[in-house]
Amino acid sequence: MTSCSNDSVRRCRPLLGTFVEVTAWGEPARLDRAVDAAFAAVTRVQTLMSFHDPASELSCLNREAACRAVTVDAWTSHVLATAKEIAGASDGAFDPTVAPVLQRWGLLPDLPLRKPGGWRDLELLSGHQVRFGRPLTLDLGGIAKGFAVDCAVAALQANGAESGLVNAGGDLRAFGPRAQPVQLRDPGSPGRLAHGFRLQNAALATSAPTFSRSEGGGIVVSHLVDPATGSAFVAHVSVSVRAPTCLLADALTKVVFFGGPGAESVLARYDAEAFVLAAEAMPLAA
Amino acid sequence: MSGRIHYLALPALVAGAFHGHATTYHTVESAQKACFPDGTEFAPGDVKLTKDQMKAVEKASGVRVRLDTQRVWRATKDGQSAGWFIVDEVLGKHEFITWALALKPDGSVQSIEVMDYRETYGYQVRDADWRAQFLGKKNGAKLRLDEDIKNVSGATLSCRHITDGVKRLLAFHDLVLKR
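These protein sequence lines map, in sequence, to chains A and B.
Note that the numbering used here gives residue 158 to position 158 of the first sequence, counting from 1, and the numbers run on in steps of one.
Note that the numbering used here gives residue 40 to position 40 of the second sequence, counting from 1, and the numbers run on in steps of one.
One chain only, chain A, in its complex shape (with noise of 0.2 Å):
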């Protein structure tokens, strides 16, 4: 290993819904316009992505992209390619169209119709436009935040950190010499710490339904749908994936989830693995 400055600096705003913290290594005088560029990286992000701001790209596309091809970012395009390729590889174990099923238990905001399409019916057009073949709604939860997490880390980089790590409510890449230590929490208990993990030029993302239980109408649903049965994750579960980007660990995580059998060439086609933290051994695949 060469050397390491061990000059820091370590921020954290609220974003994404989510506390984001953001540690950068490196000379010192680059390291504030560092952090500041990637703060701003994830509220861009934010800013074009965010389900609940009705002033957000994807809320437009919600409303009018059944309609009209709608010109997004180069941003919202990226992660819209990768979500329907994603998509499609784990045949629709990953869904960015499961939104209403939130909606009907009151975990996203509610919109006036429901929409039959599917992510099958997402059509990327040249020229960074999107287009939907049939009415549906979008909900990029499941990846941009992971993909906020790859901005943050590409500005750092740009602005001369040397090291960095940026961590969006769990969603985490580290890069840099530095082996960065990462703890995962108990799925069952998340005041506890279950195992570590030294994370070097790589990502990290876990989702698990600990924080999204409620008894909503007397049953238990979370913010884990699986899209071949709408019916809600609620086991004491985590998975947490390991891959080269944080947009591809967070939506990978999903299809571990819900994947079964073909997950694992999923994972592999994306250079990922898999860690599943269970109060029991419960295989997902079974």
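Calculated directly from the structure, the hints in this document are not laboratory data.
From a predicted model like this one, the values you see are computed outputs, not experimental measurements.
Some clues are possibly wrong.
To be verified - Some chain B residues well away from chain A (every beta-carbon gap over 10 Å; in silico): (1) Asp46; (2) Lys51; (3) Met54; (4) Lys55; (5) Ile162.
What the hints assert, rightly or not - Derived contacts from chain A toward chain B, CB cut-off under 8 Å, selection only: (6) Asp73; (7) Trp75; (8) Leu107; (9) Leu108; (10) Pro109; (11) Asn167; (12) Pro261.
Note that beta-carbon positions come from the ideal geometry of N, C-alpha and C, so glycine has one too.
Use these hints to put chain B onto chain A, whose structure you have.
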């Protein structure tokens, strides 16, 4: 190992094994510097709320007012008002957060910075086993919990209590500070 799904066992819970972890991102001074341009001056003027004021802020914001004293600085640059800098605390489910809200002179939000983040974790007390779980840890460096419990991957923590805190402080500005 790409393509593999690894099933990990959960360590058994040992009663009383808790570890408090705190991260300090900012002092008051560094947070002020991060929120306002160079050359801004800050005059402290903490505000003690009356019972009626606390009730009014609760009513206007829909958020409970827990403390009757608010730490406030008036910001000025070149003799002109540059806004307000307010330090506040919120209590989450698993965490306790000190944070700063910077307001523009018109009372709109300029920026938000987390200053201190404290969280208590339980962990398996049999240290040797616990430490042995660190994959790829080969440099022999001794794992120090204080240093190393800083990056946690798991279920997303909501920042809703900060969002509520912003609502409460905007009502505080509107009803108390600007009068």
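For this session: Output the numbers, in ascending order, of every earlier hint that fails for this structure.
Result: Of the numbered hints, 5, 6, 7, 8, 9, 10, 12 do not hold.
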